[in-house]
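Just so you know, the sequences run in chain order A and Z.
The numbering of the first sequence is numbering that gives the first Met the number 0, which starts it at 0 and goes up by one.
The numbering of the second sequence is numbering that gives the first Met the number 0, which starts it at 0 and goes up by one.
Don't read these hints as lab results, they were simulated from the structure.
Even for Gly, the Cβ is constructed at its ideal location relative to N, Cα and C.
A few of these clues could be false.
Listed below are several chain Z residues computed to face chain A (Cβ distance under 10 Å; list not exhaustive) [stated by the list, open to error]:
#: 1; residue: Leu111
#: 2; residue: Ile112
#: 3; residue: Pro116
#: 4; residue: Ala254
So, partial list: chain Z residues that the calculated Cβ filter (under 10 Å) puts toward chain A [as the list claims (entries may be wrong)]:
#: 5; residue: Arg11
#: 6; residue: Asp13
#: 7; residue: Glu16
#: 8; residue: Gln103
#: 9; residue: Arg149
#: 10; residue: Thr185
#: 11; residue: Ser187
Computed list of chain Z residues with no C-beta within reach of chain A, every gap over 10 Å [to be verified]:
#: 12; residue: Ala5
#: 13; residue: Tyr31
#: 14; residue: Leu86
#: 15; residue: Ala159
#: 16; residue: Gly238
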Amino acid sequence: MSAAIVAERLTRTFGAHRGVDDVSFTVREGEIFGFLGPNGAGKSTTIRLLLGLMRPDSGSITSLGFDPIGDDVALHRQVGYLPGELAWFANLSGGVILERFARARGLTDSTYRDELVARFEAELDRPVGQLSKGNRQKLGIVAAFMHRPRLLVLDEPTSGLDPLLQDSFARLMHESADAGATIFLSSHELDEVQRVVGRLAIIREGRIVVTDTIEGLRRRAPRRITLQFDRPTDPSAFATLDGVAVEHADDHEIALSVTGAMAPVLQCAAHHDVVDLTAPPTDLDSLFLSYYRDDDDGD
Amino acid sequence: MATETAAAQVTRLDLRERRRSLIFYPLGLAVYALIIVALYPTFKDDSGLASLSEDNSTLMALFGASGSLTSPVGWVNANLYTNFVPLIILLVTIGYGASALAGQNENGILGLIATLPVSRAQLVVAKIAAMGTLAVPVSAATFVCVLVGRSFELPIGIGALIGVTVAIVLLGLVFGVLSLAVGAATGSRGSALGITAALATACYLISSLAPAITWVHQIRFVSPFWWATGAGQLGTGVGLGDFAALVGTILVLIAVAIAAARRMDIR
Numbered sequence: 000m001s002a003a004i005v006a007e008r009l010t011r012t013f014g015a016h017r018g019v020d021d022v023s024f025t026v027r028e029g030e031i032f033g034f035l036g037p038n039g040a041g042k043s044t045t046i047r048l049l050l051g052l053m054r055p056d057s058g059s060i061t062s063l064g065f066d067p068i069g070d071d072v073a074l075h076r077q078v079g080y081l082p083g084e085l086a087w088f089a090n091l092s093g094g095v096i097l098e099r100f101a102r103a104r105g106l107t108d109s110t111y112r113d114e115l116v117a118r119f120e121a122e123l124d125r126p127v128g129q130l131s132k133g134n135r136q137k138l139g140i141v142a143a144f145m146h147r148p149r150l151l152v153l154d155e156p157t158s159g160l161d162p163l164l165q166d167s168f169a170r171l172m173h174e175s176a177d178a179g180a181t182i183f184l185s186s187h188e189l190d191e192v193q194r195v196v197g198r199l200a201i202i203r204e205g206r207i208v209v210t211d212t213i214e215g216l217r218r219r220a221p222r223r224i225t226l227q228f229d230r231p232t233d234p235s236a237f238a239t240l241d242g243v244a245v246e247h248a249d250d251h252e253i254a255l256s257v258t259g260a261m262a263p264v265l266q267c268a269a270h271h272d273v274v275d276l277t278a279p280p281t282d283l284d285s286l287f288l289s290y291y292r293d294d295d296d297g298d
Numbered sequence: 000m001a002t003e004t005a006a007a008q009v010t011r012l013d014l015r016e017r018r019r020s021l022i023f024y025p026l027g028l029a030v031y032a033l034i035i036v037a038l039y040p041t042f043k044d045d046s047g048l049a050s051l052s053e054d055n056s057t058l059m060a061l062f063g064a065s066g067s068l069t070s071p072v073g074w075v076n077a078n079l080y081t082n083f084v085p086l087i088i089l090l091v092t093i094g095y096g097a098s099a100l101a102g103q104n105e106n107g108i109l110g111l112i113a114t115l116p117v118s119r120a121q122l123v124v125a126k127i128a129a130m131g132t133l134a135v136p137v138s139a140a141t142f143v144c145v146l147v148g149r150s151f152e153l154p155i156g157i158g159a160l161i162g163v164t165v166a167i168v169l170l171g172l173v174f175g176v177l178s179l180a181v182g183a184a185t186g187s188r189g190s191a192l193g194i195t196a197a198l199a200t201a202c203y204l205i206s207s208l209a210p211a212i213t214w215v216h217q218i219r220f221v222s223p224f225w226w227a228t229g230a231g232q233l234g235t236g237v238g239l240g241d242f243a244a245l246v247g248t249i250l251v252l253i254a255v256a257i258a259a260a261r262r263m264d265i266r
């Protein structure tokens with residue numbers, strides 16, 4: 000599979016603000032790529048760089064094989080963009096805006112546009128300034144998808160949508176990807192990303208801390224094990240093991256976070272009198288939060 | 000071809016968003032201009048007004064008037080072309096220029112527009128096309144009303160009037176494109192409005208005070224107002240040099256605006 004987006008060592012700062020720092024990633028053609036990070040981590044800056052809305056200070060990026068700055072017109076013809084803070088002309092109706100956008104893209108067949116409008120029940124007649132956030136978002140979705148672009152760049156796409164429409168939107172993303180489109184999906188919520196993407200990158204404070212598949216992340220997620228003993232037990236025996244951290248310890252209970260192999264933990268536990276052992280399923284949320292929070296990890 | 004269409008859609012979206020200004024500015028100015036021309040017969044034989052304007056050129060200059068107030072050209076100049084019409088046109092063009100790139104970027108619309116298949120240069124040209132479309136009806140409405148003035152003993156030479164009508168649109172474009180360029184360079188609608196309005200005010204004062212103050216008279220040629228109406232063009236006609244200065248300045252500013260738009264960070 001060829002690459003739809005290749006970012007190499009992208010750096011862009013805004014005065015004292017961070018922006019993005021040495022960001023590299025590759026998005027394959029036809030995949031749904033998640034781009035996760037807390038607010039202000041550099042997600043939108045990355046998106047603006049890959050669309051040619053801003054220039055990098057250093058590093059390079061190609062989108063669909065184009066230089067986003069030099070070949071902006073050719074690139075934009077094949078791109079659908081849904082901005083994070085979606086704003087429209089307040090005095091115009093959705094119908095007028097979509098019509099102008101369709102013409103600007105040389106779109107003559109309105110069948111798919113009409114279908115999307117119906118699917119998301121987009122409001123076309125009232126001035127956009129009078130619409131709720133969710134209703135403005137629906138127009139943004141139609142505008143981004145209606146010309147069946149090769150690359151969809153979606154910044155927090157389901158914000159403001161109710162759960163039913165979030166499902167519809169997830170289906171729309173899958174359909175588009177099945178039809179060959181590449182989707183770059185940025186979000187600060189794991190939930191929004193987890194159920195649709197194949198691979199994802201996590202960005203924090205302008206730097207990418209991990210790029211992996213959801214499965215890969217799950218595998219490397221720390222597992223939490225709680226051991227119970229019938230008498231007071233010293234946790235230091237566990238603390239010295241590779242990839243093991245003692246999260247909590249009292250007389251009869253020790254909670255461990257394990258990132259390495261499990262066997263040494265079990266062998267060590269066997270030397271003590273373990274009464275009970277619980278290991279809940281891997282919690283992707285806490286892994287995700289650990290990438291958000293940790294200050295020294297992940298470089 | 001498709002990209003030309005795309006730029007045209009950008010122009011049309013902006014104009015549609017401002018369709019009220021497109022109608023009400025010309026309408027309002029037309030009403031004002033009609034009152035001015037209809038009042039002329041009442042004032043044309045007023046010797047007090049005539050002597051005031053002839054004896055006190057500094058006072059008159061402050062109001063943007065020069066020469067006799069009671070002559071047809073003096074009357075129309077003092078009440079329309081040296082102050083009110085340029086003011087309204089500049090209000091329209093500077094206001095639009097500041098919001099067209101910087102303002103739309105501040106409120107988040109520009110990202111969607113700039114990711115349509117248009118280059119930054121085409122984007123600038125599309126915005127200037129919209130600016131011209133907003134300015135022309137204002138000047139044209141005044142033109143029609145001054146023509147109506149012929150029925151009110153107010154004969155203004157048609158050639159000069161057409162010249163001034165065009166020149167005043169060009170004057171609006173000079174400051175409008177400047178506002179667009181400042182907005183693209185600074186990314187701030189407020190800066191675009193403030194800097195351009197300050198420059199326009201300075202240029203207006205230079206042009207209107209030139210007849211009264213010697214040192215201002217010496218620098219009058221730096222003012223676009225002087226090129227359009229300040230030198231008495233309503234009576235003498237707009238010269239080729241005046242047009243060349245206006246158009247040349249606009250072209251230079253368009254080049255600056257395109258360069259600034261290419262460097263602009265769009266959110």
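Outcome of the hint check:
The restraint placing Leu111 (chain Z) at the interface with chain A holds, with a minimum CB-CB distance near 6 Å, inside the 10 Å limit. For Ile112 (chain Z), the suggested interface contact is upheld, since its CB lies about 9 Å from the closest CB of chain A, less than 10 Å. The beta carbon of Pro116 (chain Z) is positioned within 10 Å of a beta carbon in chain A (closest approach about 4 Å), and the interface hint is therefore held. For Ala254 (chain Z), the suggested interface contact is broken, since its CB lies about 19 Å from the closest CB of chain A, more than 10 Å.
Contact between Arg11 (chain Z) and chain A, as hinted, is supported at the beta carbon level, the nearest pair being about 6 Å apart and thus within 10 Å. Interface hint status for Asp13 (chain Z): upheld, as the beta-carbon distance to the closest one in chain A is roughly 8 Å, under 10 Å. The closest approach between the C-beta of Glu16 (chain Z) and any C-beta of chain A is roughly 4 Å, which is under the 10 Å cut-off, so the hint is satisfied. Nearest Cβ of chain A to the Cβ of Gln103 (chain Z): about 9 Å, under the 10 Å cut. The hint holds.
Evaluation of the Arg149 (chain Z) hint against chain A yields a violated restraint, the C-beta minimum of about 39 Å exceeding 10 Å. The closest approach between the C-beta of Thr185 (chain Z) and any C-beta of chain A is roughly 14 Å, which is over the 10 Å cut-off, so the hint fails. Checking Ser187 (chain Z) against chain A by beta carbon gives a least distance of about 14 Å; that is not within 10 Å, so the hint is violated. With 10 Å as the threshold on Cβ separation, the claim that Ala5 (chain Z) sits away from chain A is violated: the shortest Cβ distance comes to roughly 4 Å.
A cut-off of 10 Å between C-beta atoms confirms that Tyr31 (chain Z) is not in contact with chain A; the least separation is 26 Å. Listed as a non-interface residue, Leu86 (chain Z) keeps its Cβ farther than 10 Å from every Cβ of chain A; the least gap is roughly 25 Å. No Cβ of chain A approaches the Cβ of Ala159 (chain Z) within 10 Å, the least distance being about 38 Å, so the stated non-interface status holds. At roughly 41 Å, the least C-beta separation between Gly238 (chain Z) and chain A is larger than 10 Å, which holds for a residue marked as non-interface.
Of the hints listed earlier, those the structure fails to meet are numbers 4, 9, 10, 11, 12, in rising order.
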